[in-house]
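K.L.:
Spelled out, the chains give:
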Amino acid sequence: MRFRLSQTAIDTGAARGELLDLGAGGYVAFEGWVRDHNEGQEVSRLEYEAFPELAVKEGERIIAEALRRFPVRHALCIHRVGTLSLRDMAVWVGVSSTHRGEAFDACRFIIDEVKQRVPIWKKEHYRNGDSGWVNCERCAAAPGHAH
Amino acid sequence: MQLNIHYYALMREQAGRSEETLETSAATPSALYDELSARYGFTLAREQLKVAVNSEFSDWSRRLAGGDAVVFIPPVAGG
Chain G
0 MRFRLSQTAI DTGAARGELL DLGAGGYVAF EGWVRDHNEG QEVSRLEYEA FPELAVKEGE
60 RIIAEALRRF PVRHALCIHR VGTLSLRDMA VWVGVSSTHR GEAFDACRFI IDEVKQRVPI
120 WKKEHYRNGD SGWVNCERCA AAPGHAH
Chain W
0 MQLNIHYYAL MREQAGRSEE TLETSAATPS ALYDELSARY GFTLAREQLK VAVNSEFSDW
60 SRRLAGGDAV VFIPPVAGG
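Chains as they are written, first to last, in numbering that gives the first Met the number 0: chain G, 0 to 146; chain W, 0 to 78.
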């Protein structure tokens with residue numbers, strides 16, 4: 000599978016090895032890390048939860064689209080699920096290619112599409128003790144109030 | 000008919016469960032969401048969600064069949 004969910008730390012060395020190809024002139028990787036702030040809040044840790052069957056299916060579709068759109072050799076994406084600490088790697092995308100330009104483009108395409116389409120959710124835990132599901136809490140339908 | 004509902008993330012917390020088998024007369028995912036929303040007080044409007052039936056994205060107006068597995072998908076936040 001070219002899109003995977005992982006319960007444990009992502010082995011980037013092994014993942015990179017899967018992209019090696021005698022015809023590839025290089026590869027581009029993106030690592031998403033857990034940072035200590037988001038939208039003005041101090042973040043202490045994250046939880047990622049996935050709908051596994053559909054997440055893998057949609058992730059595979061994104062990789063297949065990238066391979067059709069861009070003339071690259073191989074592409075792979077691994078996304079963490081479970082509890083992550085600051086500095087942990089949440090997602091890894093790697094693309095090998097004959098030439099570098101397409102590898103950058105395909106890598107960007109994959110991470111952008113994954114963030115928008117794959118059913119994975121992120122709960123942020125804040126230093127002040129609050130927590131919230133990103134993109135869900137603040138967009139919750141506000142209680143109706145008349146003007 | 001009986002449906003299998005799986006809940007993730009915010010939906011799981013608001014429903015207070017990860018899954019359930021439900022006897023319902025809801026003919027579509029849309030009607031099912033209304034029914035479950037009334038029961039659990041989901042805070043998200045249906046327009047903010049997507050829905051999957053049998054592990055594939057689905058229209059809200061699809062006709063449900065007994066044994067279908069339904070998942071309501073709140074806004075995603077991978078990466």
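These are computed hints drawn from the structure, not numbers from a lab.
Some clues are possibly wrong.
[Claimed, not checked] The list that follows gives simulated cross-link-like pairs (lysine to aspartate or glutamate, EDC-like), each with its CA atoms no further than 16 Å apart:
hint: 1; chain 1: G; residue 1: K56; chain 2: G; residue 2: D87
hint: 2; chain 1: G; residue 1: K122; chain 2: W; residue 2: E12
hint: 3; chain 1: G; residue 1: K56; chain 2: W; residue 2: E55
hint: 4; chain 1: G; residue 1: K114; chain 2: G; residue 2: E64
hint: 5; chain 1: G; residue 1: K56; chain 2: G; residue 2: E112
hint: 6; chain 1: G; residue 1: K122; chain 2: G; residue 2: E46
[Said to hold, decoys possible] With the C-beta cut set under 10 Å, the calculated list includes, among others, these residues of chain W facing chain G:
hint: 7; residue: N3
hint: 8; residue: R11
hint: 9; residue: L43
hint: 10; residue: I72
hint: 11; residue: P73
hint: 12; residue: V75
[As the list claims (entries may be wrong)] Cβ-Cβ distance ranges computed for the label pairs, FRET-style:
hint: 13; chain 1: G; residue 1: S43; chain 2: W; residue 2: E34; range: 50 to 58 Å
hint: 14; chain 1: W; residue 1: F56; chain 2: G; residue 2: E38; range: 26 to 34 Å
hint: 15; chain 1: W; residue 1: A44; chain 2: G; residue 2: G81; range: 26 to 34 Å
hint: 16; chain 1: G; residue 1: A8; chain 2: W; residue 2: G66; range: 46 to 54 Å
hint: 17; chain 1: G; residue 1: Q115; chain 2: W; residue 2: N3; range: 24 to 32 Å
hint: 18; chain 1: G; residue 1: L19; chain 2: W; residue 2: S36; range: 49 to 57 Å
For every residue, glycine included, the Cβ atom is placed at its ideal position computed from N, Cα and C.
K.L.:
Now look at each hint and say whether the structure bears it out.
P.N.:
Now for the hints, and whether the structure bears them out:
1. G:K56 to G:D87: Not OK: K56 of chain G and D87 of chain G at ~25 Å, beyond 16 Å, violated.
2. G:K122 to W:E12: holds (11 Å)
3. G:K56 to W:E55: holds (8 Å)
4. G:K114 to G:E64: holds (15 Å)
5. G:K56 to G:E112: holds (13 Å)
6. G:K122 to G:E46: It holds: about 5 Å lies between the C-alpha atoms, which stays within 16 Å.
7. N3: Status violated, d = 13 Å.
8. R11: holds (8 Å)
9. L43: holds (6 Å)
10. I72: holds (5 Å)
11. P73: holds (5 Å)
12. V75: holds (6 Å)
13. G:S43 to W:E34: 50 to 58 Å: The hint (50 to 58 Å, Cβ to Cβ) is violated, given that S43 of chain G and E34 of chain W are roughly 37 Å apart.
14. W:F56 to G:E38: 26 to 34 Å: holds (28 Å)
15. W:A44 to G:G81: 26 to 34 Å: holds (29 Å)
16. G:A8 to W:G66: 46 to 54 Å: Violated - the Cβ-Cβ distance for A8 of chain G and G66 of chain W, about 38 Å, lies outside 46 to 54 Å.
17. G:Q115 to W:N3: 24 to 32 Å: Cβ of Q115 of chain G to Cβ of N3 of chain W: about 27 Å, so the range 24 to 32 Å holds.
18. G:L19 to W:S36: 49 to 57 Å: Given range 49 to 57 Å: holds, Cβ gap about 50 Å.
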